[in-house]
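S.K.: Please work from the sequences and hints to get the whole structure.
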Amino acid sequence: MRENHLKILQYVTGIGLFFLVGGYHLLLMHFGKGDPESWSSVAQRAASAGWLTIYILILIFGIYHGLHGVRGLILEFSLPDRAVKVLNYSIVFVGIAVFGYAVYIPIHAF
Amino acid sequence: MEATSKQKAPLPNRLGIKGWAWAGRYKIERYLYTLHRLTGFGLLAYVALHLVANGSRLWGQGSWESTMNFLSNPGFKVGEYLVMAAFIYHALNGGRLMLQHLGFTLGKPKPPIYPYVDAMRRRRPLTWVLLALIMGLAIYVLVAFVIYP
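One line per chain: the protein sequences are B and L, in this order.
The first sequence begins at 3 in the working numbering and counts up by one.
The second sequence begins at 275 in the working numbering and counts up by one.
Read the hints as simulated data drawn from the structure, not as lab findings.
Remember, it's a predicted structure, so these values are computed and weren't measured experimentally.
Careful: at least some of the hints might be erroneous.
Capping the alpha-carbon separation at 20 Å, the derived lysine to any residue pairs in SDA-like fashion look like this [claimed, not checked]:
{"#": "1", "chain 1": "L", "residue 1": "K292", "chain 2": "L", "residue 2": "G314"}
{"#": "2", "chain 1": "L", "residue 1": "K301", "chain 2": "L", "residue 2": "A418"}
{"#": "3", "chain 1": "L", "residue 1": "K351", "chain 2": "B", "residue 2": "L28"}
{"#": "4", "chain 1": "B", "residue 1": "K35", "chain 2": "L", "residue 2": "A418"}
{"#": "5", "chain 1": "B", "residue 1": "K9", "chain 2": "L", "residue 2": "K301"}
{"#": "6", "chain 1": "L", "residue 1": "K301", "chain 2": "L", "residue 2": "R398"}
{"#": "7", "chain 1": "L", "residue 1": "K282", "chain 2": "B", "residue 2": "D83"}
{"#": "8", "chain 1": "B", "residue 1": "K35", "chain 2": "L", "residue 2": "Y422"}
{"#": "9", "chain 1": "L", "residue 1": "K292", "chain 2": "L", "residue 2": "R311"}
{"#": "10", "chain 1": "L", "residue 1": "K351", "chain 2": "L", "residue 2": "T341"}
{"#": "11", "chain 1": "L", "residue 1": "K292", "chain 2": "B", "residue 2": "L75"}
{"#": "12", "chain 1": "L", "residue 1": "K282", "chain 2": "B", "residue 2": "P82"}
{"#": "13", "chain 1": "L", "residue 1": "K351", "chain 2": "B", "residue 2": "V86"}
{"#": "14", "chain 1": "L", "residue 1": "K292", "chain 2": "B", "residue 2": "K9"}
{"#": "15", "chain 1": "L", "residue 1": "K351", "chain 2": "B", "residue 2": "M31"}
{"#": "16", "chain 1": "B", "residue 1": "K9", "chain 2": "B", "residue 2": "V86"}
{"#": "17", "chain 1": "L", "residue 1": "K292", "chain 2": "B", "residue 2": "I76"}
{"#": "18", "chain 1": "L", "residue 1": "K301", "chain 2": "L", "residue 2": "I291"}
{"#": "19", "chain 1": "B", "residue 1": "K9", "chain 2": "L", "residue 2": "L371"}
{"#": "20", "chain 1": "B", "residue 1": "K9", "chain 2": "B", "residue 2": "Y103"}
{"#": "21", "chain 1": "B", "residue 1": "K9", "chain 2": "L", "residue 2": "K351"}
{"#": "22", "chain 1": "L", "residue 1": "K282", "chain 2": "B", "residue 2": "F79"}
{"#": "23", "chain 1": "L", "residue 1": "K382", "chain 2": "L", "residue 2": "M372"}
{"#": "24", "chain 1": "L", "residue 1": "K384", "chain 2": "L", "residue 2": "N367"}
{"#": "25", "chain 1": "L", "residue 1": "K292", "chain 2": "B", "residue 2": "E78"}
{"#": "26", "chain 1": "L", "residue 1": "K301", "chain 2": "L", "residue 2": "T341"}
{"#": "27", "chain 1": "L", "residue 1": "K292", "chain 2": "B", "residue 2": "L77"}
{"#": "28", "chain 1": "L", "residue 1": "K282", "chain 2": "B", "residue 2": "S40"}
{"#": "29", "chain 1": "B", "residue 1": "K9", "chain 2": "L", "residue 2": "G369"}
{"#": "30", "chain 1": "L", "residue 1": "K301", "chain 2": "L", "residue 2": "M372"}
{"#": "31", "chain 1": "L", "residue 1": "K282", "chain 2": "B", "residue 2": "L77"}
M.R.: Here you go:
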């Protein structure tokens, strides 16, 4: 049952990513004013609660979707139980580390 | 994976990664599944690169601008297009897989009357429509990249 729940979350994060990344890209590249990659635009977005919320949601969904996908591929290789446990802890550790680093950037860069 | 008392232990995966490409007569959907994995890896690699590039902000405006200048070379533009194409493919094929896993596109069960048509072939039109949509969107994005580089 636990694996089913994780799989359903994989679907939910996939759908979420489709709309969040698609919406973020459209807003930024097609409906935004000025150069979205300029220092002033990037600093402005980092100071905006709305943009930061979208960024953090994309991070959470993306990290879960990506790492759960990789976990699924690795689990296909008939691992012993102990290796599965190590894999699970490693995936969670990598996810938290990447999330921490990615959130640290906009908060501490400006 | 750990098997509970009610589950049978899964068979050992003897083919390993070679099974992604060949283990008998795979149908087109199996290769789409393999491509789904490869595009997933590609998108993960892009996210890693994106985070490294974003990290250059931590060293100030000069570092950020030199990173952006470096990433604006034509090689990275081609890479950007490939990321877009991979995103389109991964998203639309993922939608198809999701619908099929949840049983929405399987159709009604039919009696096994000769010549037998398996479920995979009954769902084939959906696959062709999906591939046409992916090709159309990928070409549209390519044209947009060429017109607005």
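S.K.: If a hint holds in the structure, say so; if it doesn't, say that too.
M.R.: Outcome of the hint check:
1. L:K292 x L:G314: At roughly 18 Å apart (the allowed maximum being 20 Å), G314 (chain L) and K292 (chain L) satisfy the hint.
2. L:K301 x L:A418: Between K301 (chain L) and A418 (chain L) the Cα gap is close to 33 Å, so the pair fails against 20 Å, i.e. violated.
3. L:K351 x B:L28: holds (18 Å)
4. B:K35 x L:A418: Holds, because 19 Å separates the two Cα atoms, which is no more than 20 Å.
5. B:K9 x L:K301: violated (24 Å)
6. L:K301 x L:R398: Given pair K301 (chain L), R398 (chain L) holds - Cα atoms ~10 Å apart, limit 20 Å.
7. L:K282 x B:D83: This hinted pair holds, its Cα atoms lying about 15 Å apart.
8. B:K35 x L:Y422: holds (16 Å)
9. L:K292 x L:R311: Between K292 (chain L) and R311 (chain L) the Cα gap is close to 14 Å, so the pair holds against 20 Å.
10. L:K351 x L:T341: holds (14 Å)
11. L:K292 x B:L75: holds (13 Å)
12. L:K282 x B:P82: holds (15 Å)
13. L:K351 x B:V86: violated (39 Å)
14. L:K292 x B:K9: Cα-Cα ~25 Å, so violated.
15. L:K351 x B:M31: holds (15 Å)
16. B:K9 x B:V86: holds (17 Å)
17. L:K292 x B:I76: holds (14 Å)
18. L:K301 x L:I291: holds (17 Å)
19. B:K9 x L:L371: Holds. K9 (chain B) to L371 (chain L) sits at ~12 Å (cutoff 20 Å).
20. B:K9 x B:Y103: violated (26 Å)
21. B:K9 x L:K351: violated (34 Å)
22. L:K282 x B:F79: holds (16 Å)
23. L:K382 x L:M372: Between K382 (chain L) and M372 (chain L) the Cα gap is close to 18 Å, so the pair holds against 20 Å.
24. L:K384 x L:N367: violated (26 Å)
25. L:K292 x B:E78: holds (12 Å)
26. L:K301 x L:T341: Since the Cα atoms of K301 (chain L) and T341 (chain L) sit roughly 44 Å apart, the hinted pair is violated (cutoff 20 Å).
27. L:K292 x B:L77: holds (15 Å)
28. L:K282 x B:S40: Violated - the C-alpha atoms of S40 (chain B) and K282 (chain L) are around 57 Å apart, more than 20 Å.
29. B:K9 x L:G369: holds (14 Å)
30. L:K301 x L:M372: holds (18 Å)
31. L:K282 x B:L77: The hint holds at about 16 Å.
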